[in-house]
Structure formats: structure tokens, C-alpha cells
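Undergrad: Chain residues, written in single-letter form:
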Amino acid sequence: MTEVMVEARGVRKSYGSIEVLKGVDLTVARGEVTCLIGPSGSGKSTLLRCINHLEKHDAGVLRVDGQLVGYEARDGKLYERSDKQICAERANIGMVFQRFNLFAHLNVLDNITIGQVKVRGVDLQVARTKARELLTRVGLENKEENYPSQLSGGQQQRVAIARALAMEPKLMLFDEPTSALDPELVGEVLDVMKDLAKSGMTMIVVTHEMNFAREVANTVYFLDGGVIEESGDPRQVLTSPTTERLKSFLSKVL
Amino acid sequence: MSTNGDDSMEVVPVRHIGRWFGGAVMLVLLAMFIHTLLSKPDGKWRFSWNVVGQYFFSTELLHGLLVTIELTVISMTIGIVLGVIIAILRLSPSRLLSTPAWTYTWFFRGTPVYVQLLFWFNIAALYQHFSIGVPFWSHAFLTINSNSIFTPFTAAFVAFGLNEAAYMSEIARAGLIAVDEGQIEAATSLGMTRGQSLRLVILPQAMRVVIPPTGNEVISMLKTTSLAAAISVQELLGAAVNIYSVTYEVMGMLITASLWYLTVTTVLSIGQFYLERHFAKGALRTPPPTPIQRIRSDLRGIAEKFPSSHRRTNEMSR
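In the order they appear, the protein sequences are chains A and B.
For the first sequence, this note's numbering begins at 1 and goes up steadily by one.
For the second sequence, this note's numbering begins at 1 and goes up steadily by one.
Read the hints as simulated data drawn from the structure, not as lab findings.
Remember, it's a predicted structure, so these values are computed and weren't measured experimentally.
Check the hints yourself; a few may be wrong.
[Claimed, not checked] Calculated pairs, DSSO-like style, for lysine-lysine (alpha carbon to alpha carbon, straight line, at most 27 Å):
1. Lys-118/A x Lys-77/A
2. Lys-56/A x Lys-130/A
3. Lys-281/B x Lys-130/A
4. Lys-170/A x Lys-194/A
5. Lys-281/B x Lys-118/A
6. Lys-56/A x Lys-22/A
7. Lys-84/A x Lys-143/A
8. Lys-281/B x Lys-143/A
9. Lys-198/A x Lys-170/A
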């Protein structure tokens, strides 16, 4: 048990000739909420996707819970992990997407049980009981028979959070979870996330919700052009920014 | 209230004179068609309906129909299974897997199915024997004569099945590509392997896109199997030809066979409708009504236009 959940040192990532991450350092302690803010194209989402290995970083060190992401260090060499090992790692990291990405052909209950049953090998009845508990927790206990297309965006996102939580993750990643929502639906999703933060979940949230960052986050990182421009306590960083870039960014979003 | 009239004015719908005229022409053509269908020059049915009646349920023709259905089912099974495998290989990141898949489709789609049929029928000219053993090693565990494997029936379903796989692979690929990438990412982030996300998330959703063109392929295959008559398979057309070569009732037998093809096609189309409805789950908020539901709601609509006296008295008593 390390107290550091996620550690990034000099993480780099390029798509072709475009370098999206240009050496990012970041530390997330266990049980903390970290918000990544910054203009679009700054590399926030890419960093998040590197953490659960949806994208492969090109250089630098990235550790989750003390383990290197995607590699194993043995005898002074880095061995690339097998697909199976990577899948097992990912199952421990929950991810919530901007566009919800609920499985369209499954109803709400099956969306939440499929990972438990097929990846973890949990008994279906046990998985269902757990799914119902989680649905109650996100306030959707009467929607288990519905298909995603029959739910509002806010409801879909809450189901997506329940789906991720069903895997009992040690870390939750949120990729702009409220950006695709109508303004009046943002609150219900943020409320679920606040409850989750209070329960002690380690969370990394890419967001444009500055109020959420100020209220909930322990640390805020401001990314611009693939590097971390500024970081620290949100009340400090968001109210009295030191860099010009963050000042101009905040003046646009607030 | 409105700007160009008040509520008491009568609404006069626009008259579609062109439609009325076209409809009249259609009705005349329909009458002419029915007339010629039922005409009896020289006291005999022009369209040999007596032959249809005599042979429609004849044992020989029904046996031919059975062979046609068998050929269709076996060929489509080969086509679908192989087609899906080829589509998955085609989408593989490895060139060593995707290139052979592309080449397969290129070859089997690029040569006529009739040529392929004759090719498999005559395969013994290329290979007298087929054997199972270690590649490039002369010793074999099992050797079989080609002609005993490739009977006309086998040659037919191998030819149709392999040819169909080329078309089905493109249909399956279209279905796989159509599934939103976010679905794959969500499956991956839950820790599913590539195989699991394919089987549990992508393929079930691809089905919705894949079924209509696959239904098309089944119906097309049903008719393509008639080519097998050329290599003396006694399927539906072969049986019909057999009969008319004795009785000379050429048109009558061709019409009889056609009516059978139409019958099976109709049954297949109905099956396709229900299959599509099943896989539309989740994609549509309300599934399309079945024909029976549609008739029921139409009847209800009519009933509401003409309320029964019973209901009217009810309303009055209230």
C-alpha cells in the first residue's frame, strides 16, 4: 500500500508528428480528488487515457498503485505486459466518458452486471444485487429495465458511473463527464461525483466545471500545450493564478 | 384567430389530378394483366394453371424444394461463419491477417459464381485425392478420392458457401465498423479483452446493421442455388426441368417452380422482419409494430371514427 495512487514523471505522447504530451509530471495521492483543467487540445484527455492504458505513452514513467502502466520492471529491463495483464489492470480503474458510452443493446441492469460477470467472474445474482445497490446510490433504482436510449443524458451518465463502480475500482477517471449534458442535468451528475469523493474514492477528473474543481478537488493541474503550467490547491490556483496563460484561460471559462 | 380565415370556415383539400389520372391508368393495366393471366385461348389456360395445380405438390418437386432449402441453409451457414471470420481478420491490425482476408474477397467476388460451381464440380481434374497429414511431408494419415467427396451436392454448397463468404465478409465488416468506437473503449475500460468486447458488445450491435443485407443475401442464395441444376443437382429447378423434359409443359413447370421460390421468399421476408425487430432492442425507443399490431391499431382508429351506439350512450349518461 503506497500512499501515492498515480505517479507520472516526464510522460510523453505523440500522434504521428504531433506531440500531445510533452513531459508531464503529476502525483495523485490515495483518496484524493484531482482535477485536470485546460483548453481543448491541451492533452488532458490523452493523459487520462494513458493512465488506464487506452493510449500507450511513448516515454516517461507512469505508475498506478506502485505498478508501472503497461510494463513490468525486472532485472533492469522493461517487459511489455501481455494483453491479458493489461486488461486485468484496467478492470481496477473505472472510467467515465464524455459521451457516456453505455452499451446500447443492453438495459441498465445488464450494463452494470456485464463487467462483473464477464470480467470478474462474479455470480449473476450477486452482480445484480450489487447493481441494484449502485443504482440506488446514483438515484436510479426504478430504471433497471430501461435501455440507454430511453434515458436522459444525466441519467445515462449516472448509470455509467454505476457501471464503473461495479468493478470496485481503486481509481476513477472522469473524462469531461458533464460536457455533453444539458445545463440543467449537470448538477445531478456532479452530486453523484461529490458523494463519491466524500466516500474516499481516488478520482482524476478532466473538467470545465470550475466550481466543482474549487469545491471538491484537493489538487488542480492546469495543462496547456502538453505541459503542466500550474498546479496546487484549487482555491489558490483558481483565485490567484500566477501564469498569464491560466489567467487568460480562467477569464474565458468563468 | 388565424390570419387568413376564422374557425368556422370549411377546409378544402387540394385536388391531385395527376394522381387520379395515374391511378386510373394503373387500374386499367391491372385489369389487362389479370385478364391475360386468366385467359383461356383455344379452351386451355394460357398460363397452364392446370399444370401448376397438377405438379405444385408433386413428390418430385417437393423433393427438389427440400434440396433447394438444404443447399440454401448449408451455403448460407458457411457464408456467414466464414464471412464474419474474414471480416474480423480484415480489421486486424496485423497485415499478415488483413491482406489474405482482402485477397479472399477480391478473388471470390471477382469471378462468376457459375464458374466457381463448375470449378468445384471438376476439382478431381486438379486433385485426384485429398489427404490429411503434415504439410510438405508425403506420408498421409487419411486419403480420400476427390470424386467421393465432391458429389454434385457437395460441390454446389462448397461453391455457393465460399462465394457467399466473400459478400458476407463485406456485410459483416460494414456492421463492425458501424458500431461506435466509444462502445469499444467502454468495453476495454471495463477490462474486457478484444475477443470479449467483440463477442459481447460489438457483434450484437453490428447485427442490427447486418440483418437487412443478410436477409437479401439469403433470398439471393435461394435463387442462386438453381444454378446447381447445371451440375445435375436435383433441386427445385432441376426437378421442374426433369418433369418438363418428359411432359413438354415447359412454361407450366417454370411457373410452378417460380411460385415455390416466391412462397419461400415470402416466408423468409417475414422471418427477417421479426429478426430485425428483435435486434432493434435498445436502438429504437419503441420497436416497430408487427403487422398484427398494425392491423389492430388501424381497426381501433376506425372504431374511434365511428363510435358504437353503446359507447355513445355511455358518454351521454356521464
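Undergrad: Would you mind marking each hint as holding or not holding in the structure?
TA: Results for each hint:
1. Distance check on the hinted pair: Lys-118/A and Lys-77/A sit about 33 Å apart at the alpha-carbon level, beyond 27 Å; violated.
2. Straight-line distance between C-alpha atoms of Lys-56/A and Lys-130/A comes to about 32 Å, which puts the hinted pair past the 27 Å bound.
3. For the given pair, Lys-281/B sits about 24 Å from Lys-130/A by alpha-carbon distance, which is consistent with the 27 Å threshold.
4. Between Lys-170/A and Lys-194/A the alpha-carbon distance is near 17 Å, which keeps this suggested pair within the 27 Å criterion.
5. Restraint check for Lys-281/B and Lys-118/A: satisfied, since their Cα atoms lie roughly 21 Å apart, inside the 27 Å limit.
6. Distance restraint check for Lys-56/A and Lys-22/A: the Cα-Cα separation of roughly 14 Å lies within the 27 Å cut-off, and the hinted pair is therefore satisfied.
7. A C-alpha spacing of about 34 Å is found between Lys-84/A and Lys-143/A, which places the hinted pair above 27 Å, so the restraint is violated.
8. Restraint check for Lys-281/B and Lys-143/A: satisfied, since their Cα atoms lie roughly 16 Å apart, inside the 27 Å limit.
9. Only pairs whose Cα atoms come within 27 Å are accepted, and Lys-198/A paired with Lys-170/A is accepted, the gap being roughly 15 Å.
Hints 1, 2, 7 from the list above are not met by this structure, while the remaining hints are.
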